[in-house]
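2 protein chains.
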Amino acid sequence: MRISELSRRAGVPLSAVKYYQREGLLPEGVRSAPNQVDYGDAHVHRVRLIRALLETGGLSVAATKDVIAALDAEDAPLAETFRVAQHAMATPRTADSTPSDAARQRIATFARSQGWEVTDDNPGIDAAARALDGLRAIGFEAPDSYLGAYAAAAATVAAADLRALSSLATPDQVAELMVVGTILGDPLFAGLRRLAQQDVTRTLFPTDAKRAPS
Amino acid sequence: MRISELSRRAGVPLSAVKYYQREGLLPEGVRSAPNQVDYGDAHVHRVRLIRALLETGGLSVAATKDVIAALDAEDAPLAETFRVAQHAMATPRTADSTPSDAARQRIATFARSQGWEVTDDNPGIDAAARALDGLRAIGFEAPDSYLGAYAAAAATVAAADLRALSSLATPDQVAELMVVGTILGDPLFAGLRRLAQQDVTRTLFPTDAKRAPS
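Sequences listed follow chains U and S, in order. Heads up: the first sequence runs through residues 1 to 214, numbered per UniProt numbering. Heads up: the second sequence runs through residues 1 to 214, numbered per UniProt numbering.
It is worth saying that the hints were derived from the structure and are not from the lab. Backbone N, C-alpha and C fix where the C-beta goes; we use that ideal spot for every residue, glycine too.
Now the in silico label distances, taken between C-beta atoms and shown as ranges:
| id | chain 1 | residue 1 | chain 2 | residue 2 | range |
| --- | --- | --- | --- | --- | --- |
| 1 | S | Ser15 | U | Asp75 | 44 to 50 Å |
| 2 | S | Thr203 | U | Pro13 | 40 to 46 Å |
| 3 | U | Asp172 | S | Pro27 | 50 to 56 Å |
| 4 | S | Gln105 | U | Tyr19 | 26 to 32 Å |
| 5 | U | Gly148 | S | Ser15 | 35 to 41 Å |
| 6 | S | Ala73 | U | Thr203 | 19 to 25 Å |
| 7 | S | Ser15 | U | Leu204 | 37 to 43 Å |
| 8 | S | Ala69 | U | Pro13 | 30 to 36 Å |
| 9 | S | Gly24 | U | Pro27 | 40 to 46 Å |
Generate the whole structure from the sequences, applying the supplied hints.
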């Protein structure tokens, strides 16, 4: 198919498809005539995958490239593919936003107190520790019961992710869902959390209470 | 205090403090002499808040501005402050990433089947629907049991957030934690999820199984 049909079938604008190609995310098609390049079903699948990672997952182009390279390395151990997906988080990590040692320590200790076997280079430690630091910056010292509720929720979701992986037939499908599910599980959860929040916080402002005067 | 001490006390680089000021996120200090501007404790608090939203929360400058304006509007109903925080999600929403109607419908129906009272403009519907579309793009049709596990986790976290809010003394503290907790709860959860994932997926590749040949 031509690139215009690739765009149509993937449901992604032509300008975006060309952008993916310029950024080296999408392999070239096959030149079938001096003025014509042909694309196949694998390209349609790849365009949809890139879009999901970049736009829904909020990954950078560089992170998307890493994830796709890991998926394409077919002889790589699944554990390595998974490691790349885990590190490709959408949260920005600028040079000066290193979390405090105290927060890192608390998260690592807390994870182990849940019986989780985790390594010190798991990027979740820094992500969660930065959030603790941010909450502390406004004067909220998250109690253990608060962290515990978040950890229980995380365990529920991780178990559901694992069950979904176990339901798949081929190792390639497992690798792809492992990567995409790790990344898109974040906005899926964040969206459902906004919905659950709206429900529980109805009780907080039953009469549209004003904040001031207190 | 001078701006250099403001930077030191907030634990944020001077260049970042000046950037916040240029972007209109941080109010001016008080000019105490022709060549000197004084800052107070409120500025330290504000710099920390801005940093938490921008860097840990991953918000854009525009979204951070909206959130801060909502916090500063002291006579606004809490429900309105909350609505602004709910809409200030870090996930990018580009013009061409509208979720499918089928996915939106499924999320809205699913939320109501959980007994949640939600409105159609809740931004969580689009965020979760886009994630479903992304999973579908790689051929994974999330079953109800998968969505149900994510929804149960979201309800657990929303209840913990509510308990944390109920523990606070003043309406201003409630407003601030409502906003910052809504935004930083996402990376806190995402981080703990990475840790829980590492634990449960150990069972998936006990011997560093290769993907190919399958």
